[in-house]
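Undergrad: Below are the chains, spelled out letter by letter.
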Amino acid sequence: QSALTQPASVSGSPGQSITISCTGTSSDIGAYNYVSWYQQHPGKAPKLMISEVNNRPSGVSNRFSASKSGNTASLTISGLQAEDEADYFCSSYATSGAVIFGGGTKLTVL
Amino acid sequence: EVQLLESGGGLVQPGGSLRLSCAASGFTFNDYAMSWVRQVPGKGLEWVSSITGSGGNTYYADSVKGRFTISRDNSKNTLYLQMNSLRVEDTAIFYCAQYMGITKYFPSWGQGTLVTVSS
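First to last, the protein sequences are chains A and B. Position 102 (the first sequence) corresponds to 108 in my numbering; numbering is contiguous. Position 44 (the second sequence) corresponds to 386 in my numbering; numbering is contiguous.
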């Protein structure tokens, strides 16, 4: 099962909004509403930011939102803050029974 | 507060074995499926294996099937990963994570333990 496709990097200035895409296939993202997103700061464990396409866990800022259309999912961060600078990974369940991840996107806050 | 503490990582030669442990606290352990996810430092995440709350069902990535075995001891609130026939490409940080088996996401993660396979 191939990894989901994410841009290697995105950047934005404080206060701006950015969107990270995550492209899969009809066998993973397109097949289920089981897309999740994780934030990872350097040297730290991943942290769940979004589950089931667009559900935000308690404690996660409402500046984080997500959606899905067809085989592509997207994470949007509005009102960028310096603390948002991190790596972001998408994930989806696949028809093979595996959970697959994207290669990760490095967000730089300029 | 959920706490997951991995241990057992280290340096091992190709073909060798290692057993990872993950001590869980702060939640009812046997109510949750659990998983191992690995990450080559500086690279992406890779799901390795999952196990249901009772331990009755296990699942593996193709890359580790037949070499790795996931298990759990609910009386000790501990998750395990027995890794045999290790390869250089298994070198990674191994994370223990809670796993929502129905909705397929990982709510909480441990800090990870580094496994290095090298001669």
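Please keep in mind that the hints were generated in silico from the structure rather than gathered at the bench. Be aware that a few hints might be false.
Pairwise CB distance ranges (calculated) [said to hold, decoys possible]: (1) S23(A) with N426(B): 46 to 56 Å; (2) R429(B) with G76(A): 28 to 38 Å; (3) R429(B) with G65(A): 17 to 27 Å; (4) T114(A) with G357(B): 40 to 50 Å; (5) S413(B) with G103(A): 35 to 45 Å; (6) G408(B) with S23(A): 41 to 51 Å; (7) P356(B) with Q87(A): 21 to 31 Å; (8) S17(A) with Q424(B): 23 to 33 Å; (9) S64(A) with L353(B): 21 to 31 Å; (10) G49(A) with Q355(B): 23 to 33 Å; (11) P20(A) with A365(B): 37 to 47 Å; (12) S359(B) with G49(A): 45 to 55 Å; (13) P356(B) with S23(A): 42 to 52 Å.
Quick list of in silico lysine to aspartate or glutamate cross-link-like pairs, DMTMM-like style, CA-CA up to 25 Å [claimed, not checked]: (14) K50(A) with E91(A); (15) K385(B) with E89(A); (16) K53(A) with D373(B); (17) K53(A) with E343(B).
Backbone N, C-alpha and C define an ideal beta-carbon position, used for all residues, glycine too.
Undergrad: It remains to establish, for every hint, whether it holds in the given structure.
TA: Now the hints, each set against the structure:
The beta-carbon spacing between S23(A) and N426(B), approximately 48 Å, falls within the hinted interval of 46 to 56 Å. At roughly 36 Å, the beta-carbon separation of R429(B) and G76(A) lies within the given 28 to 38 Å, and the hint holds. Distance hint check for R429(B) and G65(A): the Cβ-Cβ separation is about 38 Å, which falls outside the suggested range of 17 to 27 Å. For T114(A) paired with G357(B), a C-beta distance near 41 Å keeps the hint of 40 to 50 Å intact.
Checking the proposed 35 to 45 Å range against S413(B) and G103(A) shows it is violated: the Cβ atoms sit about 19 Å from each other. Range check, G408(B) to S23(A): about 46 Å between beta-carbon atoms, so the 41 to 51 Å window is met. The given range of 21 to 31 Å is broken by P356(B) and Q87(A), whose C-beta atoms sit roughly 44 Å from each other. Evaluation of the 23 to 33 Å hint for S17(A) and Q424(B) yields a failure: the beta carbon distance comes to about 42 Å.
Checked against the hint of 21 to 31 Å, the C-beta distance between S64(A) and L353(B) comes to roughly 40 Å, which is inconsistent with it. For G49(A) and Q355(B), the Cβ-Cβ distance of about 27 Å falls inside the hinted range of 23 to 33 Å, so the restraint holds. For P20(A) and A365(B), the hinted distance range of 37 to 47 Å is satisfied, since their beta carbons lie about 40 Å from each other. Against the hinted window of 45 to 55 Å, the Cβ-Cβ separation of S359(B) and G49(A) comes to about 28 Å, which falls outside the hint.
One distance hint, 42 to 52 Å for the beta-carbon pair P356(B) and S23(A), holds here, with the actual separation near 47 Å. With a C-alpha separation of about 13 Å, the suggested pairing of K50(A) with E91(A) holds against the 25 Å cut-off. At most 25 Å may separate the alpha-carbon atoms for a hinted pair to count; K385(B) and E89(A) meet this at roughly 21 Å. A threshold of 25 Å between alpha carbons decides the hint, and for K53(A) with D373(B) the separation of about 21 Å falls inside it, so the pair holds.
With a C-alpha separation of about 14 Å, the suggested pairing of K53(A) with E343(B) holds against the 25 Å cut-off.
Against the hints set out earlier in the document, violations occur for numbers 3, 5, 7, 8, 9, 12.
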